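With the hints as extra help, turn the sequences into a complete structure.
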Amino acid sequence: MARPRLPSADNGVVDTPFAFLNIPYDTEFVSLYLAYIAGLSAFGIRPTASLEIPGGDRRLDRIFTLIQSCRYSFHDLSRVQMDERRPPTPRFNMPFELGLTVAWDKLNPGTHSWFVMESQSRRVLKSLSDLAGTDVQIHNGNVNGVFRELANSLVRAERQPPVQEMQAIYRALQQRLPAIQRQAGGGSVYGARTFHELRLLARALAREQTST
Amino acid sequence: MRKPVLVEGPYDTIEALAEAGNISPERTRELVEMARESIANQARRTARSKARKAASNRGPTKAAKR
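Same order as they appear, the protein sequences are chains A and B.
Position 176, counted from 1, in the first sequence is what the numbering used here calls 176; the numbers after and before it change by one each time, with no gaps.
Position 24, counted from 1, in the second sequence is what the numbering used here calls 24; the numbers after and before it change by one each time, with no gaps.
Rather than coming from a laboratory, the hints here were simulated on the basis of the structure.
Incorrect hints may have been included.
As the list claims (entries may be wrong) - Restraint-style ranges between C-beta atoms, simulated for each label pair:
no., chain 1, residue 1, chain 2, residue 2, range
1, B, A51, A, G99, 52 to 58 Å
2, B, E26, A, N140, 37 to 43 Å
3, A, A132, B, A51, 49 to 55 Å
4, B, R45, A, R122, 49 to 55 Å
5, B, E26, A, R86, 43 to 49 Å
6, B, R44, A, G99, 31 to 37 Å
7, B, A40, A, P178, 36 to 42 Å
8, B, G59, A, N152, 40 to 46 Å
9, A, P178, B, K50, 26 to 32 Å
10, A, A192, B, N57, 46 to 52 Å
11, B, A55, A, R91, 27 to 33 Å
Unchecked claim - Over 12 Å on every C-beta distance to chain B, these chain A residues come out as not near it, computed from the model:
no., residue
12, S50
13, R62
14, T65
15, T111
16, A192
17, H196
18, L205
What the hints assert, rightly or not - Some but not every residue of chain B turned toward chain A, in silico, with C-beta under 10 Å:
no., residue
19, L17
20, V32
21, E33
22, M34
23, S38
24, I39
25, N41
26, Q42
As the structure is a prediction and not an experimental result, all values here were calculated from the model.
Ideal Cβ positions, reconstructed from N, Cα and C, are used throughout, including at glycine.
As structure tokens, this is what we get:
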């Protein structure tokens with residue numbers, strides 16, 4: 001079965017593997033969000049996320065298409081917890097999207113590699129015991145932990161950037177984020193336009209790093 | 001010598017990046033410039049800090065000792 005491509009995908013213009021980022025969109029996660037963008041870009045991988053999906057479309061179909069169009073996916077379950085805003089509700093989106101990915105991988109072996117990220121070891125065995133026997137990458141909730149675990153996950157990737165390179169890209173993204181947000185008209189750091197610009201900046205930074 | 005970046009080959013042009021990134025070519029150019037500036041700034045900072053470290057390892061100059 002041919003792997004579907006999104007209309008917004010590169011379609012051969014730029015030869016870059018995609019990675020689906022299944023992460024929480026909350027203010028306490030911003031530094032790790034930038035770390036994922038920086039780290040993946042250093043590996044020459046293009047991050048993509050459900051925040052790129054425009055409103056009004058059938059969201060679930062678009063998310064599944066997005067997952068299918070990616071070579072890799074990273075599922076960060078470190079903040080699968082109760083959202084205290086009324087009515088208090090547990091957050092199911094991330095484990096649900098992980099389930100979709102696992103099903104896609106099972107039905108199409110060898111086309112997709114998925115990785116589960118957590119901040120605490122063994123917590124996943126309680127929150128999602130079906131994953132028993134799966135290696136979970138523990139990033140300890142910090143930026144360097146994300147870089148370390150991306151490097152551990154992507155040992156077979158073509159490019160193997162040093163952590164210092166990821167750190168340099170991360171610092172530049174962090175520094176430029178306020179200007180990028182202003183340019184996008186303010187609002188959430190998780191807006192689609194902000195994400196596109198951060199991703200492009202990270203890619204350009206990675207290219208600059210390798211050329212110096 | 002620095003290699004030319006983001007201008008060589010069909011994959012690295014501003015237009016290709018802009019098309020792939022859903023961003024206008026003008027804004028793409030700005031972001032690429034931002035990236036170059038950031039890397040240059042970081043390189044300058046690293047060089048300054050290395051120079052400071054080297055100076056502190058050399059100890060006081062002859063003039064200062066007198």
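Going down the list of hints, with the structure as the test:
1. B/A51 - A/G99: 52 to 58 Å: Hint holds: Cβ distance 54 Å, inside 52 to 58 Å.
2. B/E26 - A/N140: 37 to 43 Å: holds, 41 Å
3. A/A132 - B/A51: 49 to 55 Å: The hint (49 to 55 Å, Cβ to Cβ) holds, given that A/A132 and B/A51 are roughly 54 Å apart.
4. B/R45 - A/R122: 49 to 55 Å: violated, 40 Å
5. B/E26 - A/R86: 43 to 49 Å: holds, 44 Å
6. B/R44 - A/G99: 31 to 37 Å: violated, 48 Å
7. B/A40 - A/P178: 36 to 42 Å: Violated, at about 20 Å.
8. B/G59 - A/N152: 40 to 46 Å: holds, 43 Å
9. A/P178 - B/K50: 26 to 32 Å: Holds - the Cβ-Cβ distance for A/P178 and B/K50, about 29 Å, lies within 26 to 32 Å.
10. A/A192 - B/N57: 46 to 52 Å: holds, 50 Å
11. B/A55 - A/R91: 27 to 33 Å: violated, 53 Å
12. S50: Given a closest Cβ separation of 15 Å, the condition holds.
13. R62: holds, 15 Å
14. T65: holds, 16 Å
15. T111: holds, 21 Å
16. A192: A/A192 is in fact no farther than 12 Å from some Cβ atom of chain B, at 8 Å.
17. H196: Violated, because the least Cβ-Cβ distance between A/H196 and chain B comes to about 5 Å, which does not exceed 12 Å.
18. L205: violated, 5 Å
19. L17: holds, 6 Å
20. V32: holds, 5 Å
21. E33: Hint holds; B/E33 Cβ to chain A Cβ min 9 Å, cut 10 Å.
22. M34: With Cβ-Cβ at 6 Å, under 10 Å, it holds.
23. S38: holds, 4 Å
24. I39: holds, 4 Å
25. N41: holds, 8 Å
26. Q42: holds, 6 Å
Hint check: violations occur at hints 4, 6, 7, 11, 16, 17 and 18; the rest are consistent with the structure.
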